[in-house]
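In order, the protein sequence lines correspond to chains H and X. Numbering follows this note's numbering, in which position 153 of the first sequence is assigned residue number 153; successive positions increment by one, without gaps. Numbering follows this note's numbering, in which position 129 of the second sequence is assigned residue number 314; successive positions increment by one, without gaps.
Simulated from the structure, these hints should not be mistaken for lab results. Here the structure is a predicted model, which means the values were calculated and not measured. Don't take every hint at face value.
Reference listing, derived: stretches of chain X covered by chain H, where coverage requires no fewer than 3 residues with Cβ under 8 Å from a Cβ of chain H [claimed, not checked]:
no.: 1; segment: 268-275
no.: 2; segment: 665-671
Think about it this way: if two alpha-carbon atoms lie no more than 27 Å apart in a straight line, the pair counts; the simulated DSS-like pairs of lysine-lysine are [what the hints assert, rightly or not]:
no.: 3; chain 1: X; residue 1: K505; chain 2: X; residue 2: K287
no.: 4; chain 1: X; residue 1: K541; chain 2: X; residue 2: K441
no.: 5; chain 1: X; residue 1: K567; chain 2: H; residue 2: K111
no.: 6; chain 1: X; residue 1: K441; chain 2: X; residue 2: K505
no.: 7; chain 1: X; residue 1: K287; chain 2: H; residue 2: K43
no.: 8; chain 1: X; residue 1: K259; chain 2: X; residue 2: K287
no.: 9; chain 1: X; residue 1: K259; chain 2: X; residue 2: K505
no.: 10; chain 1: X; residue 1: K567; chain 2: X; residue 2: K287
no.: 11; chain 1: H; residue 1: K147; chain 2: H; residue 2: K111
no.: 12; chain 1: X; residue 1: K569; chain 2: H; residue 2: K111
no.: 13; chain 1: H; residue 1: K111; chain 2: X; residue 2: K541
no.: 14; chain 1: X; residue 1: K441; chain 2: X; residue 2: K259
Backbone N, C-alpha and C define an ideal beta-carbon position, used for all residues, glycine too.
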Amino acid sequence: MAAWIFLGVVVLAVMFFVGAYNSLVGLRNRVKNAWSQIDVQLKRRHDLIPNLVETAKGYMTHERETLSAITEARSRAMGAGTVAEKGAAESQLSQALSRFLVSVENYPDLKANQNFLALQEELTSTENKIAFARQSYTDAVNFYNNKIEMFPSNVVAGMFNFRPEAFFEIEEPTQREAPKVSFTR
Amino acid sequence: MFWELIAANRRKSFLLFVGMAALLVTLGYFIGQATMGEGGGNIGIIIAIALWVIMSAASVFGGPDIVLRMSRAKPVTEDVHPQLFNIVEEMKISAGLPAMPKVYIIDEKAPNAFATGLRPEDSAIAVTAGLLTKLNRDELQGVIAHETSHIMNRDVQFLTLASVMLGSIVLISQVFLRGMWFGGGSSKRWRSSKKSEGGGGGGGALVVVAIVLAILGPIFARLLYFSISRNREYLADACAVRLTRYPAGLASALEKISESPLHLEAANQVNAPMFIVAPVQGPKASGWGATHPPIQERIAILRSMSEGAGFLSYQHAAAKVRGKPSMIMPASAIKKDERVAVREAHPDVVREQSEKAQARDVMDLMRAVNGFAFLLCACGLKIKVPPEFTDPQITCTRCGRTNEIPKAQVTEFAEVAAAVGAIVGSQVKTATSDLPFAQPASGAPAGADAPLEYQRRTRGEWESFSCACGHLLQLSPIFSASEVRCPQCTRITRVT
Chain H
1 MAAWIFLGVV
11 VLAVMFFVGA
21 YNSLVGLRNR
31 VKNAWSQIDV
41 QLKRRHDLIP
51 NLVETAKGYM
61 THERETLSAI
71 TEARSRAMGA
81 GTVAEKGAAE
91 SQLSQALSRF
101 LVSVENYPDL
111 KANQNFLALQ
121 EELTSTENKI
131 AFARQSYTDA
141 VNFYNNKIEM
151 FPSNVVAGMF
161 NFRPEAFFEI
171 EEPTQREAPK
181 VSFTR
Chain X
186 MFWELIAANR
196 RKSFLLFVGM
206 AALLVTLGYF
216 IGQATMGEGG
226 GNIGIIIAIA
236 LWVIMSAASV
246 FGGPDIVLRM
256 SRAKPVTEDV
266 HPQLFNIVEE
276 MKISAGLPAM
286 PKVYIIDEKA
296 PNAFATGLRP
306 EDSAIAVTAG
316 LLTKLNRDEL
326 QGVIAHETSH
336 IMNRDVQFLT
346 LASVMLGSIV
356 LISQVFLRGM
366 WFGGGSSKRW
376 RSSKKSEGGG
386 GGGGALVVVA
396 IVLAILGPIF
406 ARLLYFSISR
416 NREYLADACA
426 VRLTRYPAGL
436 ASALEKISES
446 PLHLEAANQV
456 NAPMFIVAPV
466 QGPKASGWGA
476 THPPIQERIA
486 ILRSMSEGAG
496 FLSYQHAAAK
506 VRGKPSMIMP
516 ASAIKKDERV
526 AVREAHPDVV
536 REQSEKAQAR
546 DVMDLMRAVN
556 GFAFLLCACG
566 LKIKVPPEFT
576 DPQITCTRCG
586 RTNEIPKAQV
596 TEFAEVAAAV
606 GAIVGSQVKT
616 ATSDLPFAQP
626 ASGAPAGADA
636 PLEYQRRTRG
646 EWESFSCACG
656 HLLQLSPIFS
666 ASEVRCPQCT
676 RITRVT
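Please construct the entire structure, taking both the sequences and the accompanying hints into account.
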């Protein structure tokens, strides 16, 4: 009798371990998947910037600094390795881009350039896609990290070395609506 | 975040489905009993189910395609309207759809849109050309988000199956009632012969039950169907706001759509329930028999969302506007502590233009859909070249100049596409193909010494003209300066 009970407990424990392990793997894959969604859009933004700067250069003769800030932020963002580093670098890039889009308002010729308008639409859409992909990434990471910390799945997570994933933090560019004008730069 | 909602929707759909199926079977049984006497009930059930299976199969296998074809929707590629594609992809990411919905454009000036497709993996969104020319980016995003929500919530699947069930119930009832009314004699004779054989006595009562069911069944099923259809519209609005985090976009889109006096030609009885705003406005467009909630109410709810863009905020706004606590979404989908901040408006050029300009835009959009090429004559006339036009030259109908049809158009377009590194709009295509032809083919261009001057034809609209060096210069609607410098040859042209 006791042997049967023991056997039953062992079977239940194994079933629990298998189930918990599989669900953790599934959640981790969801996080990875969500991250790759963001990564695709970040790369896309990096690809758009050289063309954007090239198109704008001819018109924006007084904005050399704004343009070079974008180029610098881009190369820094492309070199970033971890998720946290990327978050910092990309938010700088976002800010540089939003400053740029504000100063575009002063160049009606540039705004009339169809090529530039197409690029601007692409850029806007890519920014939106990054924001939306970031939402689902944050949801996935939240769920996964909670699962790792909570009992009883934390036992399995500890045994098989499941580590919490980092959030992708981007500071929302706020200057888009209210441009800060400074004459000292 | 939407999982609870989708799961709850599935449960609800299933319950409704079971309820309607039970009604159909009961109806079949009683009608069978009433017309065929003893043992006819089972045959009635079999007939009812067979009818339903056939109609379901037809709608499942041919439904989405039929609806799209019926609405004269044309599949379009990205270069026709890059912004539309971008927005659809944004919403696909936001809603977590497994695949990108196919995009269709309907050749109509009346603004409207619908979604179809039984599974999220295989769905389509169709918008009218008028919608694209009337709405700005935020509004278009609101509309697309609404349609994406329908796909995400499996509303199309649900409404298709429910309407098939409703159709079966109505059909069986109608056949039976008409048979009783007109062919009363023959069926009575038939039934009485049966009765004399079996000797059953409950025939009269059964007939009464069958008639009552045949009259009440369709009414009941319709009520159920319409009330759920209306509820799904509110739900799609709520989801759209949650997806875009911008209630004002959808609200002002709905305002623009409902204010349009244009009648949607592509709408009919079958596809009308699928559009974002009911295309048939009139006395039937409100009340219990309407597939859509009153548009003013939907706008009012969106406008009075004061607690952010979450479900709870929509729920509260709906309760306030409708004056009664309403269950638009299942309680399991609402998180009490959910705070979804409303995002900022997209800095967009407000498209204020005349009816005429809008109609012209619609026509140009549809020409782009149909593969027309555009070239700008030096006199300012935009020549539209149909795809089947093969001559190397075309004469401008306004000024009589001879313009060459670009051979290099395709390769040039590919180069620009490579430079942009992505989707390039038809605008770019137009602009680049214009370059070599914008100079007057006949008549001397202004000399280098003479002061260059250009007289604006219209104000408040896009305009382009060629510099003396042949470079195409474009003036935006908001252009207000007195001169333009050509980026290529640095010559200055006075604009008056």
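### Hint numbers contradicted by this structure
Result: hints 3, 9, 10 and 11 break, sorted rising.
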